[in-house]
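Q: Residue numbers (our numbering), protein chains in the order written: chain A, 1 to 125; chain B, 1 to 186.
You may find that some hints are simply not true.
Said to hold, decoys possible - Derived Cβ-Cβ restraints for the label pairs, each shown as a range:
(1) A/D52 - B/L99: 26 to 34 Å
(2) B/A35 - A/E58: 49 to 57 Å
(3) A/G75 - B/A172: 55 to 63 Å
(4) B/V32 - A/G75: 18 to 26 Å
These aren't lab readings, by the way, just hints derived from the structure by calculation. Quick reminder that beta carbons are idealized off the backbone N, C-alpha and C, glycines included.
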Amino acid sequence: MKPWLALFRPGDWLVILAGALCAGLSIPLFWRGGVGERAIIRQEGRVFAEVDLRARREFEVAGPLGLTLIAVEPGRARVVSDPGPRQYCVRQGWLTRPGEIAICAPNRVSLQIAGRTRLYDSISY
Amino acid sequence: MTRSVTETELTVTAEDHRVAWLATAAVGLSLVDAAIPTPLPGIKPGLANIVTLVVLLRYGWGTAVWVSILRVLAGSLLLGHFLAPGFFLSLTGTTASLLTLGLARHLPARWFGPVSLSLFAAFAHIGGQLLLARAWLIPHDGVFLLAPLFAAAALVFGTLNGLIAAKLLAEAATEDPPCPQPSASP
């Protein structure tokens with residue numbers, strides 16, 4: 001081990017430290033976008049409500065078929081119940097990451113998670 | 001008397017021989033690199049950079065540029081990704097590293113050794129590649145989700161490659177002649 005340690009020069013340790021700092025700081029910098037911050041509920045394409053994901057709230061959204069029930073909890077949101085026949089949006093369960101969306105098409109209601117910056121999902125759009 | 005075009009000879013200097021030898025070593029190491037399985041595409045040890053560092057510190061920046069560019073070209077031909085996205089990624093990474101090394105080699109050698117240079121090169125490499133990937137291949141900020149992983153890999157492999165380069169340089173300094181010398185006879 002000793003001969004290898006002798007290969008380091010004093011400044012090298014500084015550079016290693018700076019590199020480690022870079023790597024460490026890049027985690028909050030680049031992985032922050034991975035946290036959902038807001039839930040956007042739309043009805044007929046219009047924004048029905050836009051809420052902070054830190055709150056704990058429930059919404060009843062009226063559509064052509066009846067009421068869609070949406071629950072927002074800290075860090076996540078889901079469609080609790082929907083009058084639609086196939087229940088796809090209900091079965092999607094909790095949405096947590098930005099860009100995730102549950103669409104209750106028959107009742108024309110959608111629930112989307114947004115992060116700090118507006119993300120465009122090239123797969124969905 | 002004017003000589004005909006066919007008679008002109010390509011004079012091969014000792015420098016050319018040296019570049020060719022070193023580039024061959026670098027290509028060999030890139031093939032080893034490509035054979036090592038990695039958990040994530042894009043994370044590689046970058047063993048060929050050891051050659052770049054040794055060349056930079058022994059023969060100067062110009063030779064290092066030649067060896068690196070030849071390595072990227074020949075390596076991509078052998079691996080079959082010449083002009084494929086991977087080729088442009090490695091070309092961009094190498095260019096960014098070389099430019100950074102061109103600046104970093106002016107740091108006082110007493111304080112900053114091969115390990116520092118290797119780390120600078122490694123971070124420049126991933127930086128250049130990420131920017132190209134963002135601008136061209138995946139025009140979405142999602143690529144930056146990989147940045148922390150790439151930075152961690154650059155830290156680890158940059159340090160290791162720098163240590164190996166430092167070891168090689170230290171050993172070469174004790175024995176003579178140190179590096180592959182072009183043989184006079186074919």
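Q: Against this structure, judge whether each hint is valid.
A: Hint check:
{"no.": "1", "hint": "A/D52 - B/L99: 26 to 34 Å", "in the structure": "violated (44 Å)"}
{"no.": "2", "hint": "B/A35 - A/E58: 49 to 57 Å", "in the structure": "holds (56 Å)"}
{"no.": "3", "hint": "A/G75 - B/A172: 55 to 63 Å", "in the structure": "holds (56 Å)"}
{"no.": "4", "hint": "B/V32 - A/G75: 18 to 26 Å", "in the structure": "violated (45 Å)"}
Going down the numbered hints, you'll see the structure goes against 1 and 4, while the others check out.
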